[in-house]
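Next come the chains, spelled out residue by residue.
2 protein chains.
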Amino acid sequence: MSDTIKYLLEEERIPKSWYNIQADLPQPLAPVLHPGTKQPIGPDDLAPLFPMALIQQEVTTEREVEIPEPVREIYKQWRPSPLFRARRLEKVLDTPARIYYKYEGVSPAGSHKPNTAVAQAFYNKEAGIKRISTETGAGQWGSSLAFAGAFFGLEIKVFMVRVSFNQKPYRKALMEAYGATCVASPSNETQSGRAILEQRPDHPGSLGIAISEAVEVAAQNADTNYALGSVLNHVLLHQTVVGQEAMLQMEMANDYPDVIVGCTGGGSNFAGIVFPFLGEQLRGGKKVRVVAVEPAACPSLTRGKFAYDFGDTAHLTPLVKMHTLGSTFTPPGFHAGGLRYHGMAPLVSHVQDLGLIESVGLHQKGCFAAGVQIARSEGILPAPEANHAIKGAIDEALKCKEEGVSRAILFNFCGHGHFDMQAYMDYFADKLVDQDYDPQELAMALAGLPSVPA
Amino acid sequence: MSDTIKYLLEEERIPKSWYNIQADLPQPLAPVLHPGTKQPIGPDDLAPLFPMALIQQEVTTEREVEIPEPVREIYKQWRPSPLFRARRLEKVLDTPARIYYKYEGVSPAGSHKPNTAVAQAFYNKEAGIKRISTETGAGQWGSSLAFAGAFFGLEIKVFMVRVSFNQKPYRKALMEAYGATCVASPSNETQSGRAILEQRPDHPGSLGIAISEAVEVAAQNADTNYALGSVLNHVLLHQTVVGQEAMLQMEMANDYPDVIVGCTGGGSNFAGIVFPFLGEQLRGGKKVRVVAVEPAACPSLTRGKFAYDFGDTAHLTPLVKMHTLGSTFTPPGFHAGGLRYHGMAPLVSHVQDLGLIESVGLHQKGCFAAGVQIARSEGILPAPEANHAIKGAIDEALKCKEEGVSRAILFNFCGHGHFDMQAYMDYFADKLVDQDYDPQELAMALAGLPSVPA
Numbered sequence: 002m003s004d005t006i007k008y009l010l011e012e013e014r015i016p017k018s019w020y021n022i023q024a025d026l027p028q029p030l031a032p033v034l035h036p037g038t039k040q041p042i043g044p045d046d047l048a049p050l051f052p053m054a055l056i057q058q059e060v061t062t063e064r065e066v067e068i069p070e071p072v073r074e075i076y077k078q079w080r081p082s083p084l085f086r087a088r089r090l091e092k093v094l095d096t097p098a099r100i101y102y103k104y105e106g107v108s109p110a111g112s113h114k115p116n117t118a119v120a121q122a123f124y125n126k127e128a129g130i131k132r133i134s135t136e137t138g139a140g141q142w143g144s145s146l147a148f149a150g151a152f153f154g155l156e157i158k159v160f161m162v163r164v165s166f167n168q169k170p171y172r173k174a175l176m177e178a179y180g181a182t183c184v185a186s187p188s189n190e191t192q193s194g195r196a197i198l199e200q201r202p203d204h205p206g207s208l209g210i211a212i213s214e215a216v217e218v219a220a221q222n223a224d225t226n227y228a229l230g231s232v233l234n235h236v237l238l239h240q241t242v243v244g245q246e247a248m249l250q251m252e253m254a255n256d257y258p259d260v261i262v263g264c265t266g267g268g269s270n271f272a273g274i275v276f277p278f279l280g281e282q283l284r285g286g287k288k289v290r291v292v293a294v295e296p297a298a299c300p301s302l303t304r305g306k307f308a309y310d311f312g313d314t315a316h317l318t319p320l321v322k323m324h325t326l327g328s329t330f331t332p333p334g335f336h337a338g339g340l341r342y343h344g345m346a347p348l349v350s351h352v353q354d355l356g357l358i359e360s361v362g363l364h365q366k367g368c369f370a371a372g373v374q375i376a377r378s379e380g381i382l383p384a385p386e387a388n389h390a391i392k393g394a395i396d397e398a399l400k401c402k403e404e405g406v407s408r409a410i411l412f413n414f415c416g417h418g419h420f421d422m423q424a425y426m427d428y429f430a431d432k433l434v435d436q437d438y439d440p441q442e443l444a445m446a447l448a449g450l451p452s453v454p455a
Numbered sequence: 002m003s004d005t006i007k008y009l010l011e012e013e014r015i016p017k018s019w020y021n022i023q024a025d026l027p028q029p030l031a032p033v034l035h036p037g038t039k040q041p042i043g044p045d046d047l048a049p050l051f052p053m054a055l056i057q058q059e060v061t062t063e064r065e066v067e068i069p070e071p072v073r074e075i076y077k078q079w080r081p082s083p084l085f086r087a088r089r090l091e092k093v094l095d096t097p098a099r100i101y102y103k104y105e106g107v108s109p110a111g112s113h114k115p116n117t118a119v120a121q122a123f124y125n126k127e128a129g130i131k132r133i134s135t136e137t138g139a140g141q142w143g144s145s146l147a148f149a150g151a152f153f154g155l156e157i158k159v160f161m162v163r164v165s166f167n168q169k170p171y172r173k174a175l176m177e178a179y180g181a182t183c184v185a186s187p188s189n190e191t192q193s194g195r196a197i198l199e200q201r202p203d204h205p206g207s208l209g210i211a212i213s214e215a216v217e218v219a220a221q222n223a224d225t226n227y228a229l230g231s232v233l234n235h236v237l238l239h240q241t242v243v244g245q246e247a248m249l250q251m252e253m254a255n256d257y258p259d260v261i262v263g264c265t266g267g268g269s270n271f272a273g274i275v276f277p278f279l280g281e282q283l284r285g286g287k288k289v290r291v292v293a294v295e296p297a298a299c300p301s302l303t304r305g306k307f308a309y310d311f312g313d314t315a316h317l318t319p320l321v322k323m324h325t326l327g328s329t330f331t332p333p334g335f336h337a338g339g340l341r342y343h344g345m346a347p348l349v350s351h352v353q354d355l356g357l358i359e360s361v362g363l364h365q366k367g368c369f370a371a372g373v374q375i376a377r378s379e380g381i382l383p384a385p386e387a388n389h390a391i392k393g394a395i396d397e398a399l400k401c402k403e404e405g406v407s408r409a410i411l412f413n414f415c416g417h418g419h420f421d422m423q424a425y426m427d428y429f430a431d432k433l434v435d436q437d438y439d440p441q442e443l444a445m446a447l448a449g450l451p452s453v454p455a
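These protein sequences, in sequence, are chains B and Z. First residue of the first sequence: 2, per our numbering; consecutive thereafter. First residue of the second sequence: 2, per our numbering; consecutive thereafter.
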């Protein structure tokens, strides 16, 4: 058998609609609540932040949401993305498993994030918006929105978690090359930022704080909207192009996944590859085992509480029911900035609550070892976030070896690591530590969850 | 008309052979001379450095050289690479020109370099070699050979020009992730390196010095060969997959280039896209105008002498006839390390001498402006080397606008700039200077050319 097996789709097979798992769920999502009244919010409550088209996508239960032609047009720049059979990795592992990966690093920003960035920029442009404010952790999302903004002539303002901002000056440079502006968060530009800096001028920042800042800017400026790179239903919806393509490509391979593995931070790359397959199962089709891999140091799915919580630290967002570590939880420093969020997408939380997926927490050193192993066998150096999915997939493949069974394992290789080389240098210099979260901090953060009447 | 026009070939249309322009040249290349005897060298003289298969490719005049199946197999990981019509850039420039670019940044190392790295690793492995030593400037070549070495289980030792080594720690990290070792050149590990460090301990290095070091290591170790990432005939030969694919893709576009633009350092990405089209012309087919773009600060084609010279600084290599600035010439610091070589590929030099191509020297700031322009219109951030080709192509497109004619312009977008963000930061901070070469230094370096009896 050939060593490089790449399944490529024709351009016209880029999906024409996004798949909405809300159509197939046995129980609907819990409603989003207003933080003041604790009553379900309506579309108008979100209108200061999002264009109406995205608000509708947030709540629709239609199974298929049409992808606007200008969005598909830009998708063509890098989509359909390839699906590979990891033959060389299989040989190195000496496993009977059939390992497949969908590679989203082919996008110009280097990850799956442009799938939703382009869509969000499009709808905002259509709504007459001039500027979008957003947050970014590792920088994958910020540079993806910057890329999309350049295509639609939108001004992009990015609040980047300070610790990542300092670790990754090159991500900022990439955003600027695309014409965006990027500041470290907490910043002096917002009330939320200033409040935190007053208490602690050297605060390392968090996604929760950066979200507060970006939301504040959008809420106060009529020509400015807010965009989020993960967590929300419409973001996960846009990512389903990944899984829909992967289904067609698995068909080309004449195979079907027994297990799907994805890494989870906010949940969007995971949902992107998983939901189309889960939908198939929910409609009575083939069953698939699904494993969400998260950092052991920021374990919302494995150690969090399934409860109503704020999406940000300053409590400017509505309340959503999700697996959460508490909005004040600050995970220890580790090198997958994209996975350092206190919450989990409501839809991902919900499918775990329904027993449709499993989750596991892994430490970073083993994940980096897996990343190096795949770089040397498959040739692509992964982002630290993707390393979690890779380690999860390798563990599944080694289980196959132990049990002497051949299973098809599919994972989402959500991005390359070209902007994460400092992390690899630290790994090779043995400077990485497998830190755990602080149980006391977690207990405190969970104790601070907002009370919501049943 | 659609805004994203991407021409993708089926996998089976990856070329089955490399195209050798030596078969179609009206006059043969000048022979390579032994540095001592000044007589033409034979295959045995090169045997300490290269496997015989590559030595044969260096001199063959067969038009087609078969690509071994294991090499094509690895090419499939990222080939065929896409050809884009730059519609958005055309609109921004408001030009009647039809601009096409072949994008080689899709390879795992981010440039065209793996096209030859994989081939060279294969032939060395076949010949029983355990280790390859090489030099690298910007790091594109070093990381490509590291990538190829990982696939064939070869040890890779890279001497990286010190100034780039210091500017780009992340390129080194990438090489190490692929399992290679990388040291700054001049180093203490070789006689050539030590000799230079004795004279000037803070020497910034040059490609010529790094080549000396790599050649020395290969010459002294029976299990070690040397590999070069550009300049040599067999390297240019391997790159012709680029132009061959582009020909098929221009056919899909129902168009043919009036002008082809490439950037030139050693000449390999340029030859890769240009030679298949030039061959067509030489065999009586369509004519094409060809423009080589080089840095004004290292102007081998526009200001060098077409003469016999050494490929390296310590004069360990044979003498080749090429456009050269003299092997002791050190260009001023600028941000396209891949274009900082004193010489030019003999084949590229020869076709310029035959009047088949034009050349132009450009300053870096204008090239970076062009790079930012294409990032914001086409979405891909280019390497500083590629920016030279882009600026050249934009200049041609603006000429079309001035003249009110529509010409088809094709250029080689040879790599992305993910590892060159410091250069972009310097550009945005207005820290870049359009330095020229020192005419006195050039005169001295040219005066030092070896004398070769006619």
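Just to be clear, a hint being listed does not mean it is correct.
All copies of an identical chain are treated as equivalent in the list; a pair is satisfied when it fits inside any one copy or across any two copies.
As the list claims (entries may be wrong) - When the alpha-carbon atoms are kept at most 27 Å apart in a straight line, the in silico BS3-like pairs for lysine-lysine are as follows: (1) K288 <-> K126; (2) K7 <-> K17; (3) K92 <-> K77; (4) K432 <-> K400; (5) K366 <-> K432; (6) K77 <-> K7; (7) K432 <-> K17; (8) K288 <-> K366; (9) K92 <-> K126; (10) K131 <-> K92.
It is worth saying that the hints were derived from the structure and are not from the lab.
Cross-check of the supplied hints:
1. Proximity of K288 and K126 under a CA criterion of 27 Å is satisfied in neither setting, with 40 Å inside one chain copy and 45 Å between copies.
2. In this homomeric assembly, K7 and K17 come within 27 Å of each other (Cα to Cα) both inside a single copy, at 23 Å, and across copies, at 18 Å.
3. When the C-alpha separation of K92 and K77 is checked against a cutoff of 27 Å, the pair qualifies only between copies, where the shortest distance is 18 Å, while the shortest distance within a copy is 33 Å.
4. For the homomeric pair K432 and K400, neither the shortest alpha-carbon distance inside one copy (29 Å) nor that between copies (54 Å) is at most 27 Å.
5. Taking the closest pair of Cα atoms, K366 and K432 come within 27 Å of each other only inside a single copy of the chain (10 Å); across copies the shortest separation is 38 Å, beyond that limit.
6. When the C-alpha separation of K77 and K7 is checked against a cutoff of 27 Å, the pair qualifies both within a copy, at 18 Å, and between copies, at 7 Å.
7. In this assembly of identical chains, the alpha carbons of K432 and K17 never lie at most 27 Å apart, being 46 Å within a copy and 46 Å across copies at closest.
8. In this assembly of identical chains, K288 and K366 lie within 27 Å of each other by CA distance neither inside one copy nor across copies; the values are 32 Å within and 57 Å between.
9. When the C-alpha separation of K92 and K126 is checked against a cutoff of 27 Å, the pair qualifies only between copies, where the shortest distance is 19 Å, while the shortest distance within a copy is 48 Å.
10. Taking the closest pair of Cα atoms, K131 and K92 come within 27 Å of each other only across two copies (21 Å); inside a single copy the shortest separation is 52 Å, beyond that limit.
In the structure shown, a violation is registered for the earlier hints numbered 1, 4, 7 and 8, in ascending order.
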